[in-house]
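Can you build the whole structure from these sequences, using the hints too?
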Amino acid sequence: MEKRGVPTAAIITHVFLNTAQAMTRMMGVPEYRYVVAQHPLSSLTDDEVKARANELADEVESILTGVPAASA
Amino acid sequence: MTSSAERHVETADTIEAIEECFRLGWTDGLPVVPPADYKVREMLSVAGLTGEEELLNLDMRSRVITSENAAANAVMAGCQAEYFPVLVTALKTLEEERNFVNMAASSTSSPSILMVLNGPIRDALGINSRDGLFGPGFRANASIGRAVRLCFMNGFDAWPGQLDRGTMGTPAKYTFCIAENEETSPWEPLHVSRGFDASDSVVTVAVAYNPVSVPNSYGHTGRQILNSICDSLRSATLVHRYPAQWVIVIGPEHALTLQGDGWSRRDIQEFLIENSGRSRSELIRLGSKQGPERPGDENVIMRCANDPDDILIMHGGGTGGRYSAIIDTTGYRIRTRKIGAD
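Note that the protein sequences, when read in sequence, are chains A and B.
For the first sequence, counting from 1, position 2 maps to 2 in the numbering used here; every step adds exactly one.
For the second sequence, counting from 1, position 199 maps to 199 in the numbering used here; every step adds exactly one.
Check each hint, because a few of them may be wrong.
To be verified - Straight line, CA to CA, 27 Å or less: simulated BS3-like cross-link-like pairs of lysine-lysine: (1) B:K289 to B:K338; (2) B:K338 to A:K50; (3) A:K3 to B:K92; (4) B:K338 to B:K39; (5) B:K289 to B:K92.
As the list claims (entries may be wrong) - For the chain A half of the interface with chain B, some residues (derived, Cβ under 7 Å), not all of them: (6) Q21; (7) M26; (8) V29; (9) P30.
No wet-lab data here; the hints were simulated from the structure.
Treat the numbers as computed from the prediction; the structure is a model and nothing was measured.
Even glycine gets a Cβ: it sits at the ideal position worked out from N, Cα and C.
Right under this line is the structure:
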């Protein structure tokens with residue numbers, strides 16, 4: 001998506017950190033930024049998902065806009 | 001994976017070369033045949049390839065598997081040169097649907113690549129379609145499937161816990177290559193049912209979970225056997241997605257009973273769809289489907305497949321026991337391709 005000019009914020013969970021690092025190294029962009037959420041996500045309730053999204057929103061915005069997040 | 005293929009290593013003897021392959025991280029955990037240059041060239045020559053051709057390009061990992069890479073992995077897997085065109089065709093099929101690779105080389109759900117061979121190539125290469133269908137004992141079955149996995153591991157870095165995040169893994173990742181027993185099948189061969197000529201040598205490729213054996217030892221009718229298969233197709237813990245595509249392997253003794261009762265391929269496909277449904281609300285309550293449950297969900301019936309052609313019926317396995325097998329193929333559309341055709 002980034003290569004196509006679409007600002008993108010990828011979100012992974014922390015257990016996939018080593019996989020994400022391997023992928024970005026392979027793609028030649030080891031400094032590529034992404035949001036790391038606490039695992040797991042799929043078993044959360046709707047309210048828990050919303051709370052988690054709120055926690056991550058500033059960092060997602062920061063990645064999309066390139067402006068450092070105030071709370072990050 | 002060109003970096004590893006271009007490495008040339010001298011060793012004192014063959015045993016030392018095998019150990020060197022372990023040290024280089026080129027194996028699936030079992031010893032490999034060292035990919036000596038002349039063996040790689042022999043593979044390429046049988047398939048009429050130069051070594052330069054790009055067979056499978058995985059943008060997501062910035063990697064390309066060339067024909068030379070594939071040949072080296074085929075040698076390491078223990079393939080005879082005559083098997084190589086099957087691997088080449090399978091890799092070209094994966095190139096058409098790269099989600100097969102993404103799934104089989106990374107998904108937490110741990111699928112593998114299933115290959116089913118039809119046509120004269122089965123006898124030419126000695127690909128087993130009978131006793132111990134999914135098990136060991138046959139060089140072609142063992143090494144062709146293994147070559148695909150070695151391509152993923154060496155070519156796309158699909159190592160467990162790193163880029164391959166399969167949670168439970170599966171023995172089907174060592175190899176998952178079978179043939180259909182066309183000779184004793186009551187139905188036309190699988191590839192003919194998918195539009196090919198009986199005389200074509202064809203490979204059907206799917207991204208698939210491990211085969212699940214379906215016993216029915218005491219049923220006297222075809223309907224009882226099919227109900228056993230439906231019981232497995234309905235299992236929320238065996239089925240990953242509703243609806244999906246399936247490969248159903250009907251064992252010889254079950255096939256005789258079904259034939260005796262006059263069941264056609266189409267009858268079987270329709271019966272399995274009709275009798276494998278489960279309500280959406282039940283699946284949500286089990287945690288197999290994402291909620292929340294909505295009014296009316298108890299009347300929404302999720303089926304194993306929507307279209308009869310999404311259930312591939314084939315014949316295989318040994319005599320002596322009354323077993324069939326079901327294979328969940330994840331929802332990505334199964335592909336069938338003539339071997340050697342571009």
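Each hint, compared with the structure:
As the CA atoms of B:K289 and B:K338 are separated by approximately 37 Å, the hinted pair breaks the 27 Å bound. A C-alpha spacing of about 50 Å is found between B:K338 and A:K50, which places the hinted pair above 27 Å, so the restraint is violated. Among the hinted pairs, A:K3 with B:K92 is consistent with the structure: their alpha-carbon atoms are about 26 Å apart, no more than 27 Å. Distance restraint check for B:K338 and B:K39: the Cα-Cα separation of roughly 25 Å lies within the 27 Å cut-off, and the hinted pair is therefore satisfied.
Distance check on the hinted pair: B:K289 and B:K92 sit about 34 Å apart at the alpha-carbon level, beyond 27 Å; violated. At a threshold of 7 Å, the smallest CB-CB gap from A:Q21 to chain B is about 9 Å, leaving the interface hint violated. At a threshold of 7 Å, the smallest CB-CB gap from A:M26 to chain B is about 5 Å, leaving the interface hint in force. Checking A:V29 against chain B: minimum C-beta separation of about 10 Å lies over 7 Å; hint violated.
For A:P30, the shortest C-beta to C-beta distance to chain B is roughly 12 Å, which exceeds 7 Å, and the interface hint is violated.
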